[in-house]
Amino acid sequence: MVVHQHRRRRGRAGEAVLALGMAATVAAMSGCAGAGRADDRPPADPAATVRRAADRLAETGSAQTRTAMEMATGGTRVTIRGEGGVDFKNRMGQLLVMLPADAAGKDEHRPITELLVPGALYMKNRGAGVPDDKWVRVDTTALADGNLVTGGATDPLAAAELLRGVREATYVGETEVAGTKVRHYSGTIDIGRAAELASPAVKGALEAAAKGFSKDAVPFDVYLDEEGRLRKVRHRFSYVNNGVIDVSSTTLLYGFGAPVKVVLPASGDIYAGKIAG
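As numbered in the working numbering, residues 1 to 277 make up the sequence shown, in order.
By construction, these hints were calculated from the structure, which means they are not laboratory data.
Bear in mind that the values here come from a model prediction, so they are computed numbers and not experimental data.
Accuracy of the hints is not assured; some may be wrong.
[What the hints assert, rightly or not] Distance condition first, Cα-Cα at most 30 Å in a straight line; then the derived BS3-like pairs of lysine-lysine:
1. K215 with K181
2. K89 with K261
3. K89 with K211
4. K89 with K181
5. K124 with K203
6. K261 with K134
7. K181 with K124
8. K211 with K124
9. K203 with K215
10. K203 with K89
11. K124 with K134
12. K124 with K261
13. K261 with K203
14. K124 with K89
15. K134 with K203
All chains, full assembly: derive it from the sequences and hints.
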């Protein structure tokens, strides 16, 4: 995994270990053969609608997810992809993160298994210096980015909780995501505000991110289905690390209700040695 360093508002941050209570739309009878269609009128308060997305996911329970994190600096652009499941009710998840062929100058890289739990990130196949059968545990509340970037995929739970900090939001219109009709909103998030309103499971990590990033405002695009469930969200982060690095992190959710089982490694399976860069 790529190692990133973040700058706090005053000086460099320590080195990172890596780099709806109600629906957003209502059903309207079409009056034709009894079929229904989504009401295309915009919501009265787009920002409030977006803020409710995290609560709606908790009510839904769980979902499958795909992630993509694109990092760009200078003329270099790298995309890291992930796939797995998230239990929003119990605040746990598992991802299989795939590094691109040229991310570390090698032709092939083994996928990294990541376990997401409140306050921590567990990784297997972490990289140089870590035995194949060992896991690495990272305290996400100690990361300068709160694991919004470090793990190569923004924790889907954190991606949803960030939406609680909406500063402004605009209803863009209806579109489709993976064949599902959704409503598209765009705007900006205040990380500090999101940390204040976040659920206990991610509060500490978002508080760390609020201190670690040089800018509080994070642009976003979010897509909610007719039940107010988050189907897709894209956040755009920017920070300084020997130059400006722009990160576009996308989280796609589907397969709602699918069971998600996360088994944490035993203490003896966690690597306690030095991790290579």
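Status of the hints after comparison with the structure:
1. K215 with K181: At roughly 33 Å apart (the allowed maximum being 30 Å), K181 and K215 break the hint.
2. K89 with K261: 12 Å, holds
3. K89 with K211: 27 Å, holds
4. K89 with K181: 25 Å, holds
5. K124 with K203: Between K124 and K203 the Cα gap is close to 25 Å, so the pair holds against 30 Å.
6. K261 with K134: 20 Å, holds
7. K181 with K124: Measuring from Cα to Cα gives roughly 37 Å; hence the hint is violated.
8. K211 with K124: It holds: about 28 Å lies between the C-alpha atoms, which stays within 30 Å.
9. K203 with K215: 18 Å, holds
10. K203 with K89: 16 Å, holds
11. K124 with K134: 6 Å, holds
12. K124 with K261: 17 Å, holds
13. K261 with K203: Since the Cα atoms of K261 and K203 sit roughly 23 Å apart, the hinted pair holds (cutoff 30 Å).
14. K124 with K89: 24 Å, holds
15. K134 with K203: Roughly 28 Å between the alpha carbons, so the hint for K134 and K203 holds.
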